[in-house]
Amino acid sequence: VTHTLQHLATLVHGTVEGDGDIAVSGINTLEAATAGEISFYGNKRYAKQYEATRAAAVLVDNDMVRRKNLTVIRVRNPHLAFARIAALFHPRPSFPAGISPGAHVDATAQVDATCCIMAGAFVGAGAQLAAHTVLFPGVFVGERARIGSSTVVYNNSTVADRCLVGNHCIVHSGAVVGSDGFGFAFDDAAMAHVKIAQAGIVRVEDDVEIGANACIDRATIGETVIGKGSKIDNLVQVAHNCVVGANSILCAQVGLSGSTTLGQGVVMGGQSGTAGHLHIGDLTKIGAQSGILSDLDAQQTVLGSPSFPLQTFLKAHTLFGKLPELVKELRALRQRVVQLEARQHASQGEIPK
Amino acid sequence: VTHTLQHLATLVHGTVEGDGDIAVSGINTLEAATAGEISFYGNKRYAKQYEATRAAAVLVDNDMVRRKNLTVIRVRNPHLAFARIAALFHPRPSFPAGISPGAHVDATAQVDATCCIMAGAFVGAGAQLAAHTVLFPGVFVGERARIGSSTVVYNNSTVADRCLVGNHCIVHSGAVVGSDGFGFAFDDAAMAHVKIAQAGIVRVEDDVEIGANACIDRATIGETVIGKGSKIDNLVQVAHNCVVGANSILCAQVGLSGSTTLGQGVVMGGQSGTAGHLHIGDLTKIGAQSGILSDLDAQQTVLGSPSFPLQTFLKAHTLFGKLPELVKELRALRQRVVQLEARQHASQGEIPK
Amino acid sequence: VTHTLQHLATLVHGTVEGDGDIAVSGINTLEAATAGEISFYGNKRYAKQYEATRAAAVLVDNDMVRRKNLTVIRVRNPHLAFARIAALFHPRPSFPAGISPGAHVDATAQVDATCCIMAGAFVGAGAQLAAHTVLFPGVFVGERARIGSSTVVYNNSTVADRCLVGNHCIVHSGAVVGSDGFGFAFDDAAMAHVKIAQAGIVRVEDDVEIGANACIDRATIGETVIGKGSKIDNLVQVAHNCVVGANSILCAQVGLSGSTTLGQGVVMGGQSGTAGHLHIGDLTKIGAQSGILSDLDAQQTVLGSPSFPLQTFLKAHTLFGKLPELVKELRALRQRVVQLEARQHASQGEIPK
Chain A
1 VTHTLQHLAT LVHGTVEGDG DIAVSGINTL EAATAGEISF YGNKRYAKQY EATRAAAVLV
61 DNDMVRRKNL TVIRVRNPHL AFARIAALFH PRPSFPAGIS PGAHVDATAQ VDATCCIMAG
121 AFVGAGAQLA AHTVLFPGVF VGERARIGSS TVVYNNSTVA DRCLVGNHCI VHSGAVVGSD
181 GFGFAFDDAA MAHVKIAQAG IVRVEDDVEI GANACIDRAT IGETVIGKGS KIDNLVQVAH
241 NCVVGANSIL CAQVGLSGST TLGQGVVMGG QSGTAGHLHI GDLTKIGAQS GILSDLDAQQ
301 TVLGSPSFPL QTFLKAHTLF GKLPELVKEL RALRQRVVQL EARQHASQGE IPK
Chain B
1 VTHTLQHLAT LVHGTVEGDG DIAVSGINTL EAATAGEISF YGNKRYAKQY EATRAAAVLV
61 DNDMVRRKNL TVIRVRNPHL AFARIAALFH PRPSFPAGIS PGAHVDATAQ VDATCCIMAG
121 AFVGAGAQLA AHTVLFPGVF VGERARIGSS TVVYNNSTVA DRCLVGNHCI VHSGAVVGSD
181 GFGFAFDDAA MAHVKIAQAG IVRVEDDVEI GANACIDRAT IGETVIGKGS KIDNLVQVAH
241 NCVVGANSIL CAQVGLSGST TLGQGVVMGG QSGTAGHLHI GDLTKIGAQS GILSDLDAQQ
301 TVLGSPSFPL QTFLKAHTLF GKLPELVKEL RALRQRVVQL EARQHASQGE IPK
Chain C
1 VTHTLQHLAT LVHGTVEGDG DIAVSGINTL EAATAGEISF YGNKRYAKQY EATRAAAVLV
61 DNDMVRRKNL TVIRVRNPHL AFARIAALFH PRPSFPAGIS PGAHVDATAQ VDATCCIMAG
121 AFVGAGAQLA AHTVLFPGVF VGERARIGSS TVVYNNSTVA DRCLVGNHCI VHSGAVVGSD
181 GFGFAFDDAA MAHVKIAQAG IVRVEDDVEI GANACIDRAT IGETVIGKGS KIDNLVQVAH
241 NCVVGANSIL CAQVGLSGST TLGQGVVMGG QSGTAGHLHI GDLTKIGAQS GILSDLDAQQ
301 TVLGSPSFPL QTFLKAHTLF GKLPELVKEL RALRQRVVQL EARQHASQGE IPK
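Chains as they are written, first to last, in my numbering: chain A, 1 to 353; chain B, 1 to 353; chain C, 1 to 353.
Among the hints, a few may not be true.
Since the list gives no way to pick out one identical chain from another, each pair is judged satisfied if it fits inside one copy or across any two copies.
[Claimed, not checked] In silico DSS-like pairs for lysine-lysine, Cα to Cα no more than 25 angstroms straight-line:
(1) Lys285 - Lys195
(2) Lys285 - Lys322
(3) Lys228 - Lys285
(4) Lys328 - Lys315
(5) Lys44 - Lys68
(6) Lys44 - Lys285
(7) Lys195 - Lys44
(8) Lys48 - Lys68
(9) Lys228 - Lys195
Just so you know, the hints here were simulated from the structure itself, not pulled from any lab data.
Since we're looking at a predicted model, the values are computed, not measured.
In isolation and in its complexed conformation, chain A is listed as follows (with noise of 0.2 angstroms):
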């Protein structure tokens, strides 16, 4: 399949300058592109692939300058456009209706005629799967799960008893969707570790995308929530009762702790984390490996562990690697001091302390 760069840039509202009527019939970088790809540049620290690209054309900003003897489609968002143009050529791939054989279903559970069910899946009692959804081999789907439609869930992934995936929702390999809260009381008189019963769900709304081998815990008692939009990387944990708002961008290895809810939009770097009982407005942006713990007005952006507003922290981190400096500094000038005083002493010696 190829497209003229002209069809491509109407589909992306750009406009191509150069010949529209060149075709491509792939995209790639900027290094790897050949004559028949197309590729996006929107970071200047690949200025230098760029340079020297021989790809057809490239998609560029209104800040980027053509580069002589190359077609560029220029675009108010690259990236965006670089997202529908990979789109076009690299479809999501269709899966075949049906259960296989090898798959186990209960006889309660309501899958749909449209459903692709692959060897090795499991799906509980009471569990329901609506129109286009496919499990990949090796997927658990508890008792009385529901999953919406065209939702793809990939090998030995688990959404467990009760919890609830939206629509057009994506969850990768391993990823665990409504494993029980860490939560325990202690008992002091039988020095032991008492299970508080974890008996909520976890709800995804519409639209999530969920990391390999995330976990996401149930609730104690009512919903775990991931809103509709969000994007959950791999290996991050969310625990029982968190509530993530639409559109939130959880990098890897992300954690957050019980009960701490976040407003639309927020973005955590990887590594980071929250204390428990937290919440974090709209639109922040928390730094990798930081450590929140306390609450977060909307677009806020943070950085450290515990944390500090940005500009802080990098001021603060910078005078941090020069302390040894800094305390040969004071050193030197209460020497100094010393000696002013002993001078003053000298000459002053009649002054009472």
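Once you've looked at the hints, dock chains B and C against the given chain A.
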């Protein structure tokens, strides 16, 4: 099923203040509880919800004030009382005895007749499962592994060959007990890492809970041990030859390096980690995201990476955030010293340096 | 099976000091070794155990003193010698060739006749498995994936469609090779994250070991690469388009952001992470829990989040802990300056400011 408040109070060794004859049918949060439910109030963060709750009754400790028009059950430990009552309303499910025809159980495995082995579970040669133990779909029990009685192993988790899991344990989805320890010796002649055979096992004692996608590596030689009653959260890493003492708590994404031993009742906050070959004393608490580089005595509380005693860290961390102004203060002081020196020099010009 | 010490010494290019005719039947820790076993002593932390050991012999390097009444085998690298001898006593198991009737192997897959495919493994259309490769139960090999020879893929792990795994690799339980990269472009008109197709693959070269529940994302375009001989521990995250050089070591819970490349022999400590689009030079060592925000040259050693050169970090971190007293010192000095100024003013009242 309903229970009277008086019945519940007796169960949890508490006292009803109000109407003990009220019957409740469940437990819920302060916010969501209806007139037929009991709730609990253990954290003053939820004072507003306590004021507004429509619950039939609330579990409180001795310090909390009984709200007007509200029946309370006063107990020493509301959290523990909540656990007991939640268990009453949400008993652990029971599973029908039997081996699903879709399970693969080796002919030489010894599976008690009361076990429930679901479709897609795999039990290797010579493995032993004691009474009432449950294997969910996709569980892998390796050769000669042994699992005690009344243990629940959720879907897609692993008890690898020869490893031991005790009685009344819970292993959550995707957890791995008995992966190889991470041990290599570098052969600089061959320029290659040489694998060190991981010939030991994991021994999980009774009443342990292991979280989803957590990993417990087998010992190089001997045993990696998870002590009786310890609770391990999701995505935790326990390396080869670690020994976790009884009743310890490892929160999500904790990492223990090889051969580290924890005493009893150690608590490690989320995303914290230790170096290898350390000993952490009984009841010591390690804050979230902390990094431990040396042994810790019993009953310490530490924070930071690398860690300091909690109070030291907190004071230092506050001052870290003020480093920019402290440096300004230092520079201003130096300027004043320069002026002092100049004036002293002007008035005492004759004094030799 | 027993071996004489002389035989073992020859195997590891070492020298017996003592009785080379003693035969041993296994290897064990200094503490647990019996009179029929050999042990090793490579870390002075275990001096007490060395003094007390009942082992028949101990592997030591050139710097260690031979203990009285103990035979030692002196070698250049006791750790490597231990690896060789442990492999002798604990050879990797072999697996019977054949495809279990409980496995699901697509008719178009090419599985070498020497492979062992256990019950519950799944091999997709067009996949290829070379000689002596082993798939444990619950393994998922996607369409057109290829796995080399003598590779062991443990239970419930994933080699997703089109991904490549080399020869003599080990993939531990629950590991995921080929999950989607985490790439989205925000469409602010639609207020939604748009998925960027992840059309590339993962290529795992020969002799790689991938830990339990580790995740290696496929490239957006092109390849994510794990270089020959690299070792990846449990719960590690490698994002799309990363390239890990040969013989690198990623300890547990490490996270690499997208498009970062590592040179050869890089070592990353547990829970450390990097930003995206970075390059880390050959043999560079990144301390546990460190965060890397910019490129690193070869042969560096860094620590901290964000990181500093090791020595800089350690000095600064020590002073961080002393910030409270340093601030006291600063304030005391200021007080002395105030007094100096007052006295100077008193004696030089006439001098204009």
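Results for each hint:
With identical chains, the CA atoms of Lys285 and Lys195 are at most 25 angstroms apart between copies only, with a shortest distance of 20 angstroms across copies and 34 angstroms within one. Proximity of Lys285 and Lys322 under a CA criterion of 25 angstroms is satisfied inter-copy only: 22 angstroms between copies versus 27 angstroms inside one chain copy. Taking the closest pair of Cα atoms, Lys228 and Lys285 come within 25 angstroms of each other only inside a single copy of the chain (18 angstroms); across copies the shortest separation is 37 angstroms, beyond that limit. In this assembly of identical chains, Lys328 and Lys315 lie within 25 angstroms of each other by CA distance both inside one copy and across copies; the values are 20 angstroms within and 12 angstroms between.
Only within a single protomer do Lys44 and Lys68 lie at most 25 angstroms apart by alpha-carbon distance; the minimum there is 17 angstroms, versus 65 angstroms between protomers. For the identical chains of this complex, Lys44 and Lys285 are intra-copy neighbours only, at 23 angstroms inside a copy versus 28 angstroms across copies, given an alpha-carbon limit of 25 angstroms. With identical chains, the CA atoms of Lys195 and Lys44 are at most 25 angstroms apart between copies only, with a shortest distance of 23 angstroms across copies and 53 angstroms within one. Taking the closest pair of Cα atoms, Lys48 and Lys68 come within 25 angstroms of each other only inside a single copy of the chain (14 angstroms); across copies the shortest separation is 66 angstroms, beyond that limit.
With identical chains, the CA atoms of Lys228 and Lys195 are at most 25 angstroms apart between copies only, with a shortest distance of 14 angstroms across copies and 31 angstroms within one.
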